[in-house]
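Line by line, the protein sequences give chains X and D.
Under numbering that gives the first Met the number 0, the first residue of the first sequence carries the number 0, and numbering increases by one thereafter.
Under numbering that gives the first Met the number 0, the first residue of the second sequence carries the number 0, and numbering increases by one thereafter.
Think of the hints as simulated: they come from the structure by calculation, not from any bench.
Values in this document were obtained by computation on a predicted structure and should not be read as measured data.
One or more hints might be untrue.
Claimed, not checked - Straight line, CA to CA, 16 Å or less: simulated EDC-like cross-link-like pairs of lysine to aspartate or glutamate:
#	chain 1	residue 1	chain 2	residue 2
1	X	Lys261	D	Asp240
2	D	Lys118	X	Glu24
3	X	Lys261	D	Asp128
4	D	Lys195	D	Glu165
5	X	Lys1	X	Glu54
6	D	Lys118	D	Asp218
7	D	Lys208	X	Glu54
8	D	Lys208	X	Glu24
To be verified - Not everything, but these chain D residues come out facing chain X in the computed CB check (under 8 Å):
#	residue
9	Tyr38
10	Glu41
11	Thr42
12	Gly89
13	Trp100
14	Val104
15	Ser133
16	Leu142
17	Val173
18	Leu220
19	Leu236
20	Pro239
21	Pro241
We put the CB at the ideal spot given by N, CA and C, even for glycine.
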Amino acid sequence: MKQQQFEQRYSADWQAFQQLLEALEQPATPLQGRDYEQFGRLYRRICHFQSLARERRYSSHLVDRLEQLVLRGHRQLYQHRRGMRFGMLRFLLIEFPRLVREQQRYFWLSSLLLYGPALLFFAAVIWQPDLLYSLLPPAQVDRFERMYNPDNAVFGAAREAATNLYMFGYYIENNISVAFRTFGFGLLLGVGSMVILLFNGLLLGGVAGHLSNVGYYHTFFPFVIGHGSFELTAIVIAGAAGLKLGYSLLAPGNLSRIESLKRAGQVAVRLIYGVVFMLVIAAFIEAFWSADASLPVWIKYTIGTGLWLLVILWLTRSGRPRRGGGYGN
Amino acid sequence: MPPITPPKTFHKTAPAGKPPAASEATDTTLTAPPLDTLYTVETPESVALPLRPASILPRIMAFTVDFLIRALIFFLSYLGLRWTGEMGWGLLLITYFMLEWFYPVYFEVRRDGMTPGKKLLGLRVVHDDGTPVSLGGSLLRNLLRAADFLPVGYAAGVVAATCNREFKRLGDLVAGTLVIYELPAPPAPALNCTGKRPVPADFSTDEQKALLAFAERSDQLSEDRQRELAGVLQPLLNTPDPVLAIRQMANSLVGQR
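Throw the hints in and build the complete structure from the sequences for me.
Written out as structure tokens, the structure is:
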């Protein structure tokens with residue numbers, strides 16, 4: 000069949016398909032129920048026409064045009080829809096805790112890398128206060144001291160709501176960016192994540208040790224315990240996701256390194272969804288609860304401990320199958 | 000008398016009894032894989048979808064455009080929020096955070112893989128299999144910009160992109176995504192001449208396709224260039240106007256009346 004005959008006979012089909020595509024490509028498609036019935040049939044026909052046109056060496060203009068239609072049809076027909084398939088609540092209550100348990104090797108390694116240096120450096124600073132200055136310049140140590148000074152007016156009474164909102168924005172920007180970087184730098188064979196975890200561990204331990212030395216523990220620990228549950232655990236999970244990326248690159252097993260990375264990435268990004276959620280909660284607690292120094296210390300410790308228990312129970316118990324077969328939360 | 004053994008080049012310049020291997024030579028050049036970066040995906044319908052990965056330069060330009068848009072949004076929110084005191088600063092920080100990490104994700108997921116900058120440059124993010132980028136894929140490739148940025152100014156990303164045929168930066172490698180050109184609809188062909196002329200029987204199908212391609216695109220060339228190209232066939236065609244001849248052969252190939 001000559002090309003023009005072919006075009007004359009079938010162009011009605013590809014014009015119909017093109018109209019269908021234009022309707023589908025609008026953000027709010029005007030198509031309804033029955034309109035879709037056409038799509039599959041027409042798409043298969045267009046694919047067939049494209050192969051025929053190519054095989055018969057029709058002009059490249061015609062082949063290109065059919066190719067474009069196939070490409071656009073393919074884009075409408077095949078789509079990746081993964082991740083939040085079952086809604087946010089289901090993800091947070093069932094899938095995310097399961098995922099963390101599934102990846103607990105990385106979780107524990109990441110915890111060790113954060114809390115290990117923190118505890119060691121805490122003890123070291125208690126024993127030798129000057130050691131802190133090997134990590135931080137004196138000006139910054141001063142700043143931390145002023146922040147947690149019990150005589151500080153800001154800490155004496157509840158801050159203004161406006162200040163709380165400012166701090167909320169600050170915690171969101173700063174903490175989530177740190178978490179994202181902790182994850183992203185994991186691509187450097189995991190070393191990047193390790194460095195960030197280690198540094199933050201040292202900082203946490205060092206500052207805690209120093210403030211204990213100068214006797215500010217009544218302001219520092221009640222402040223930290225509230226949001227620490229969500230914030231520190233989220234950083235640990237972000238680190239775990241980064242370590243997983245790094246390890247998949249180092250030891251891909253039977254896969255190619257690229258394929259291994261891709262699979263690790265699919266898991267890691269789901270961990271990051273949870274991390275973002277946890278850090279938003281942490282920022283809320285940190286800005287609107289932790290900073291409120293008008294409450295008695297024992298209430299802060301009680302609630303803080305409660306939050307830690309909540310996080311631990313959530314990650315260890317939530318989403319385990321019930322004995323009856325259903326899913327508990 | 001000992002037989003004369005000619006130098007090896009002798010055979011090439013004077014093939015005895017063998018016709019010139021011209022058609023063979025053109026055959027190999029036409030059927031060899033093209034020297035471009037075309038990336039084909041085979042669909043379940045066994046159609047080879049051609050994707051054209053975009054190189055670093057247009058991507059840097061798209062990034063720059065997006066960067067300027069982000070800077071503008073930030074500046075406008077600064078103007079709007081600076082009267083509101085500390086509350087405004089908090090909101091401004093959140094704006095900065097969202098622009099930094101989620102501006103590309105939002106547009107790539109909701110606007111078919113195109114941020115405003117990419118749209119301007121005609122680029123689109125897709126998965127390796129040509130499907131639209133998903134939330135997970137987009138988030139992954141954008142979070143890993145942190146690694147691509149290292150050590151400074153996206154150097155790692157640029158190096159990674161030059162090391163593979165699809166110009167993937169590190170984030171694209173992990174997320175299994177690809178930035179491709181979104182081609183505009185091809186211009187209508189210009190088979191605007193009358194008359195038909197039979198195509199010589201010994202033209203291979205690829206050679207016929209070359210004739211057709213010439214006829215379709217000749218309008219985009221200057222007349223001198225048209226004559227120069229068509230002149231290559233002059234020894235075979237023996238006609239005063241090879242350009243017209245090729246167009247007429249194209250007419251008979253597509254069956255134009």
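Cross-check of the supplied hints:
no., hint, result
1, X:Lys261 <-> D:Asp240, "violated, 58 Å"
2, D:Lys118 <-> X:Glu24, "holds, 15 Å"
3, X:Lys261 <-> D:Asp128, "holds, 14 Å"
4, D:Lys195 <-> D:Glu165, "violated, 43 Å"
5, X:Lys1 <-> X:Glu54, "holds, 13 Å"
6, D:Lys118 <-> D:Asp218, "violated, 29 Å"
7, D:Lys208 <-> X:Glu54, "holds, 11 Å"
8, D:Lys208 <-> X:Glu24, "violated, 33 Å"
9, Tyr38, "violated, 12 Å"
10, Glu41, "violated, 11 Å"
11, Thr42, "holds, 6 Å"
12, Gly89, "holds, 3 Å"
13, Trp100, "holds, 6 Å"
14, Val104, "violated, 11 Å"
15, Ser133, "holds, 4 Å"
16, Leu142, "holds, 5 Å"
17, Val173, "holds, 4 Å"
18, Leu220, "violated, 16 Å"
19, Leu236, "violated, 20 Å"
20, Pro239, "violated, 26 Å"
21, Pro241, "violated, 19 Å"
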